[in-house]
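Chains as they are written, first to last, in UniProt numbering: chain A, 1 to 275; chain B, 1 to 275.
Hints in this document: simulated from the structure, not taken from any laboratory.
Worth double-checking, as some hints may not be accurate.
Chain copies aren't distinguished; within one or between two, either way the pair holds.
Think about it this way: if two alpha-carbon atoms lie no more than 30 Å apart in a straight line, the pair counts; the simulated DSSO-like pairs of lysine-lysine are [claimed, not checked]: (1) Lys271 x Lys135; (2) Lys218 x Lys271; (3) Lys275 x Lys123; (4) Lys252 x Lys170; (5) Lys235 x Lys265; (6) Lys265 x Lys170; (7) Lys117 x Lys128; (8) Lys117 x Lys135; (9) Lys188 x Lys218; (10) Lys123 x Lys248; (11) Lys117 x Lys223; (12) Lys141 x Lys265; (13) Lys203 x Lys274; (14) Lys218 x Lys197; (15) Lys141 x Lys197; (16) Lys248 x Lys274; (17) Lys11 x Lys24; (18) Lys170 x Lys275; (19) Lys123 x Lys265; (20) Lys203 x Lys24; (21) Lys275 x Lys141; (22) Lys275 x Lys235; (23) Lys141 x Lys188; (24) Lys128 x Lys275.
Note that this is a predicted model, so its numbers are computed, not measured.
2 protein chains.
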Amino acid sequence: MHKTVAIQGIKGSFHHIVSQQYFKNEVDVIECLSFQDTVSALLNEQADVIVMAIENSIAGSIIPNYALIDANNLQVVGEYYLDVQHHLMALPNQSIPDIMEVHSHPMALLQCAVFFKDYPHIKLVEAKDTADVAKHIQVNKSIGIAAIASDLAAETFSLNILNRSIQTIKHNETRFVIVQRYSVEINKESINKASIKFELEHKRGSLATVLNVLSDCKLNVTKIQSLPIIETPWKYAFFVDVTFAEYKDFEKANTILELMTTHIKVLGAYKNAKK
Amino acid sequence: MHKTVAIQGIKGSFHHIVSQQYFKNEVDVIECLSFQDTVSALLNEQADVIVMAIENSIAGSIIPNYALIDANNLQVVGEYYLDVQHHLMALPNQSIPDIMEVHSHPMALLQCAVFFKDYPHIKLVEAKDTADVAKHIQVNKSIGIAAIASDLAAETFSLNILNRSIQTIKHNETRFVIVQRYSVEINKESINKASIKFELEHKRGSLATVLNVLSDCKLNVTKIQSLPIIETPWKYAFFVDVTFAEYKDFEKANTILELMTTHIKVLGAYKNAKK
């Protein structure tokens, strides 16, 4: 059965690529203008799931997306890592000296900034979505304007790739999560990773104590991120990802953390996508 | 003696406000187009210091700025917290129904998204800098366009504030750091906070062990953020801020961490700006 997936951006975007790869091509896509809109599409049952970028190696965590998952009580049911390769593309029969402007998402421009130092005649212009620029160039037959986007975008909008993989860090991994409306069903057998959020009183050693418990319960921390809770200056929230061999070890840690933290919430338990 | 401060953005921006407040108005400002440009201005000695946003309560850490400080071996010598208030402003004699477009920085638009749900006729347009939009409205006498910016921007560019503090979270704190070229001089007496970066082998309990040491040395962790090191998938980097009563406690922890971590670096030691 085809899933309907809400993505930020349009077909040809990196979110679209992940949707295809994670669900083995069996997807219908709802194109949304913002991450907030993907959540609305999920909550009003237009979409079955969201594919949502959550962190990358350059910008770190996308905290507003954690906040969306948390505030709307959504459930993370999977993850996917995409090696994001940024290609420079334009209408056919143009070469780099013909290009006067490159439009792309601020993150893509940032990741490719070093490449453009060699081309000072090119003006960098921020845009909403990498694939959307590719579409605009095709629709408007824009001469002299290039996009930074994916192979899929070049293919979808019949653009010619002028330069492949122009990002500075060649292995440029972005992590996406697969998000559903909250459901109690969990297939414990295949699950070996979880995302949790907890809050602690701000006192010396409180975080070390929690991490000792995780370690004692045989959980590995693969990601940790503190976030001050502005309304309550003496408390801190933490987003933590853990991996484990046995689901019961995670359940045990969870039971202990319920006693040790002022608040704990499991954002999701799912299959680790890393070897 | 006046300091010359490099800031991202123009006069009237939040970086300008912080420069004035931190240095008690005794500053000359160099307006830069990007954070990278502020670093260039510092390294070529046009600027004495940079004032740089580093984290806020909504978006979390600005990891690319950590990377700039780290990669250029700069030194954090101070911090400042600003309660960022976003005001809606336009040329005089207009009211909200006259406004067709609001231009601002993506972060400001995100923080004010809920406010604009009540005004569906207003189109939100991303721009580079909050104050720069205010300047453009004044220079071009743009009717029907509003900016989201600071009191200082409204004052600097003679705009009329239509609505004050339109961001969703009313207490909206952003942390800035004061950054210099590396220097060995440190006034240990007034120092009670430090920012460090360290790397660990990815094995169970390694982070807990480090945090136990920090706690044993009487250091409080006020912020922690993991970042995968893409080139070496089995190592993790951590950015950690700690506070302490005695500088010698920090030195002791540092000495131990040099033995326990594969790499440790002090990004700066400075005076805690929080009570």
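* To do: Check Lys117 against Lys135 for me: Cα-Cα at most 30 Å, and say if that holds within a copy, between copies, both or neither.
  => both (26 Å within a copy, 28 Å between copies)
* At 30 Å max between alpha carbons, let me know whether Lys203 reaches Lys24 within a copy, between copies, both or neither. => neither (47 Å within a copy, 33 Å between copies)
* Homomeric proximity label, Lys235 with Lys265: Cα distance no greater than 30 Å -> Answer is both: 16 Å inside a copy and 27 Å across each meet the 30 Å cutoff.
* Should Lys275 paired with Lys123 be assigned to within, between, both, or neither, using CA atoms and 30 Å as the limit? -> This pair counts as neither: shortest intra-copy Cα distance 41 Å, inter-copy 45 Å.
* **Homomeric proximity label, Lys117 with Lys128: Cα distance no greater than 30 Å** => both (22 Å within a copy, 19 Å between copies)
* Asked: 30 Å Cα cut-off: does Lys218 pair with Lys197 within a copy, between copies, both or neither?
  -> Both: 18 Å inside a chain and 26 Å across chains, each within 30 Å.
* First find the shortest C-alpha distance between Lys170 and Lys275 inside one copy, then the shortest across copies, and answer within, between, both or neither for a cut-off of 30 Å. => within (20 Å within a copy, 43 Å between copies)
* Which holds for Lys252 with Lys170 at a C-alpha limit of 30 Å: within a copy, between copies, both or neither? -> neither (40 Å within a copy, 38 Å between copies)
* **Intra/inter-copy verdict for Lys218 and Lys271 if alpha-carbon distance must be at most 30 Å** => Classified as within; 17 Å inside a copy, 38 Å across copies.
* To do: Could you figure out if Lys275 and Lys235 sit no more than 30 Å apart (CA to CA) within one copy, between two copies, both or neither?
  => Only across copies: Lys275 and Lys235 sit 14 Å apart there, 35 Å inside one copy, limit 30 Å.
* Have a look at Lys141 and Lys197 and pick one of within, between, both or neither, based on CA distance no larger than 30 Å. => Neither: 47 Å inside a chain and 48 Å across chains, both beyond 30 Å.
* Asked: Between Lys275 and Lys141, at a C-alpha cutoff of 30 Å, which is it: within one copy, between copies, both, or neither?
  -> neither (44 Å within a copy, 58 Å between copies)
Checked against the numbered hints given earlier, this structure breaks hints 1, 3, 4, 10, 11, 12, 15, 19, 20, 21, 23, 24; the rest are met.
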